[in-house]
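K.L.:
Single-letter residue listing:
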Amino acid sequence: MLEYFEQIIDGLVYELYLPEDLNAYDFAFANILQNENLPALDDIQGNELEALRAIFQHLYAQDNPIRRNLFLLDTIPVIRMIEGKA
Amino acid sequence: MRITQIDLKHYRGFRNEHTLELHQPGKNILIYGENGSGKSSLFHALKQFLNASDQNLAFADGRNIFAEPNDNGYVKLSLHDGSQPTTYEWSAQNTLDTSKPEILAARKFSGFLEYRDVLKTHLLTPGDRVNLFDLLINTLLVDIENPFTPGFTFGQNWKDLNASIPRDNRRTSEIASLQAKIDKFNDGLAIKLQELESQLTKVFTYFNYGNVKLSFALSSLVYRRRDKRDDNRIDGQKVILRVKFGSEDLQGKHPQFLNEAKLSGIGIAIYLAALLLNPTPQNDLAILVLDDVLIGLDMSNRLPVIDIIRNHFANYQIFLLTYDREWFEILCQQFVEIDGQKWKAFEFYCSDDNQLEIPVIAARGKAVTEYLMKANDYFKLHDYKAAAVYVRTAFEALIKNYCDKRSIPVPYKEKAKELKSENFWNAMESKIPADIVKDVKTARSVVMNPLSHSRIVAVFQAEVQKAIQAVTRLQEELTSQLSNDKLKVISSVLTKLQSGIGQPAQSEKTRIEKLSIHQLKQLEQDLPSFSALPDLLSWLNLHALP
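Sequences listed follow chains P and A, in order.
Each residue of the first sequence is one higher than the one before, starting from 1 at the first, in the working numbering.
Each residue of the second sequence is one higher than the one before, starting from 1001 at the first, in the working numbering.
Keep in mind the hints are simulated off the structure, nothing from the lab.
A hint or two may mislead.
Label-pair ranges, simulated between beta-carbon atoms [said to hold, decoys possible]:
1) P:LEU52 <-> A:ALA1190: 18 to 24 Å
2) P:ASN35 <-> A:SER1219: 21 to 27 Å
3) P:ASN35 <-> A:ASP1404: 56 to 62 Å
4) A:ASP1231 <-> P:GLU50: 46 to 52 Å
5) A:ALA1190 <-> P:LYS85: 22 to 28 Å
BS3-like, lysine-lysine: derived pairs with alpha carbons at most 27 Å apart [stated by the list, open to error]:
6) P:LYS85 <-> A:LYS1509
7) A:LYS1441 <-> A:LYS1509
8) A:LYS1181 <-> A:LYS1213
9) A:LYS1521 <-> A:LYS1400
10) A:LYS1047 <-> A:LYS1159
11) A:LYS1496 <-> A:LYS1431
12) A:LYS1438 <-> A:LYS1380
13) A:LYS1380 <-> P:LYS85
14) A:LYS1181 <-> A:LYS1100
15) A:LYS1380 <-> A:LYS1413
16) A:LYS1400 <-> P:LYS85
17) A:LYS1184 <-> A:LYS1238
18) P:LYS85 <-> A:LYS1184
19) A:LYS1405 <-> A:LYS1438
20) A:LYS1120 <-> A:LYS1009
21) A:LYS1047 <-> P:LYS85
22) A:LYS1488 <-> A:LYS1009
23) P:LYS85 <-> A:LYS1076
Okay, the calculated bits of chain A under chain P, using three or more residues with CB under 8 Å as the criterion [said to hold, decoys possible]:
24) 1100 to 1111
25) 1142 to 1151
26) 1274 to 1286
All residues carry an ideal CB built from backbone N, CA and C; glycine is no exception.
Please put together the full structure from these sequences, using the hints given.
P.N.:
Here it is in structure tokens:
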């Protein structure tokens, strides 16, 4: 779960620094996450771990666009270069 | 995004240009093909196209060995994403297209499965157990990301682990680093195997082997320092497929206890379940190609695969390849005849020429027309040998279909494949107008047979052309007989004769009934110029055989 959240953060960082490269291939993270209305950590009532696990399961679902975009992130030419896969 | 057209030239079995038109929006396809007809060449063309960039595959390695050295070959895929078509090429001259993001994405999503792969799921290792470690790490999970090493797949992990084995055990930091990597590999694999097990249970349920339960038993990888026998190494590459049959745990020895159908079912389920670990493709190209993977299953055990495809691979473009005619017809009934907008069937044949194999491809149902079109195309290109192969294929398809539709008895052979075109032709010859029989016989003896075999003969342009014309006329005749058109034309001609020049004699009526549909139409056109019955007799003497 932690690793998946880290991957999402990596995706957001790529989008922050390379917006045109990602948009050229219709890849987005920020907008999708914004539409999810995720709670701030401090606003979570009750068992935080359970709440985080539920968010993880939702974002990790096979048909969630975040999962698809992370899966295909390294097909984008500039990302391939950065990650040494070109 | 789906494939709307595949073009192959000089690739493996495909000498010269061949096209599979899949239309918009990119239909799923069923292919029936004899051994050697090019099914596996298509399988590898698609697989290698998608893997060309990632695995540095060279087109030259798959180039048809009979192609002219200076004539460039290629594999081209035309893709349509709903708005516009784009063609991507893989050839000796163009390797860039295969590294485009949409093709790399297709590689990640797509699955290719052939019977040999299914066998790997029940090969016993020296320890008398089925160990799936290599299959999982090098094939099924090779592109699946290890959740503990974001951005890196199990395939990459495994390469990295092997490259990280220290040569010198005094290098403790290297050993610690390797150990950390091993831990992440073990943890990630344990999680993925749980997911795989869950998908496998879902998929395997379709086969209705209620008394067979599947699970994985994973041994963790460990680093071993060199000893008397071996150098430094990683041990523990073991993922045992545990099969519970009734109340018995078969302890990884299931190939000794289960029948072929259950073993094949398990193998197919493992592969398809592994594909379902991927996220769902959205507007991405994702293809699933199954090349005769069901040959170990009887018909009732094959049917669940249809449901699996329908329920779990709706976002994939499906390619089902088989050499089993009966299964092909069932698949056509299940897919093409129910949903022709989404499915298309092809038939692949192969010339039995020992010198040069030429795949013959046509859409099901339109096969004869397409073969004749190809014959004409090759004729125009002055490739008379290829033209003859297509004419002969059209002829064989025509006469088999006619005998089948008219229930004409042919000699019994235990193996249907041993039935020769001669058997069909002899059985139906008496039902064909004599002028067509004469031309077809000439075409068979002069063009179709000798040219399609490995004899060296002089090829004459006019004879090939006559052969194409003869088979085209035969097609016209048989089609009209089967659709009863001919009876209607005969009846119309006789009515017009009676009302124009009078009732013909019985002998003339018989001659009219024996005319080909082509000749009947000609007679119908010429009728207005007849003033008396002798004109009809003259016409018959001029145009028809006595």
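K.L.:
For every hint, state whether the structure bears it out.
P.N.:
So, going through the hints one by one against the coordinates:
1. P:LEU52 <-> A:ALA1190: 18 to 24 Å: For P:LEU52 and A:ALA1190 the Cβ distance comes to about 21 Å; the hint holds.
2. P:ASN35 <-> A:SER1219: 21 to 27 Å: This hint is violated: roughly 44 Å between Cβ atoms.
3. P:ASN35 <-> A:ASP1404: 56 to 62 Å: Holds, since P:ASN35 and A:ASP1404 (Cβ atoms, about 59 Å apart) stay within the stated range.
4. A:ASP1231 <-> P:GLU50: 46 to 52 Å: 48 Å, holds
5. A:ALA1190 <-> P:LYS85: 22 to 28 Å: At 26 Å between Cβs, range holds.
6. P:LYS85 <-> A:LYS1509: 80 Å, violated
7. A:LYS1441 <-> A:LYS1509: Holds, at about 26 Å.
8. A:LYS1181 <-> A:LYS1213: 32 Å, violated
9. A:LYS1521 <-> A:LYS1400: Holds, at about 26 Å.
10. A:LYS1047 <-> A:LYS1159: Satisfied, since the Cα-Cα distance of roughly 22 Å is no more than 27 Å.
11. A:LYS1496 <-> A:LYS1431: Distance ~25 Å between A:LYS1496 and A:LYS1431 Cα, so the pair holds.
12. A:LYS1438 <-> A:LYS1380: Distance of about 25 Å is within 27 Å: holds.
13. A:LYS1380 <-> P:LYS85: Distance of about 48 Å is beyond 27 Å: violated.
14. A:LYS1181 <-> A:LYS1100: Given pair A:LYS1181, A:LYS1100 is violated - Cα atoms ~31 Å apart, limit 27 Å.
15. A:LYS1380 <-> A:LYS1413: The given pair, whose Cα atoms are some 39 Å apart, is violated under the 27 Å limit.
16. A:LYS1400 <-> P:LYS85: 54 Å, violated
17. A:LYS1184 <-> A:LYS1238: At roughly 16 Å apart (the allowed maximum being 27 Å), A:LYS1238 and A:LYS1184 satisfy the hint.
18. P:LYS85 <-> A:LYS1184: 21 Å, holds
19. A:LYS1405 <-> A:LYS1438: 23 Å, holds
20. A:LYS1120 <-> A:LYS1009: Violated, because 32 Å separates the two Cα atoms, which is more than 27 Å.
21. A:LYS1047 <-> P:LYS85: 20 Å, holds
22. A:LYS1488 <-> A:LYS1009: 45 Å, violated
23. P:LYS85 <-> A:LYS1076: Measuring from Cα to Cα gives roughly 25 Å; hence the hint holds.
24. 1100 to 1111: holds (count 5)
25. 1142 to 1151: holds (count 6)
26. 1274 to 1286: It holds: at least three residues are needed, and the stretch 1274 to 1286 of chain A offers 7 whose Cβ sits within less than 8 Å of chain P.
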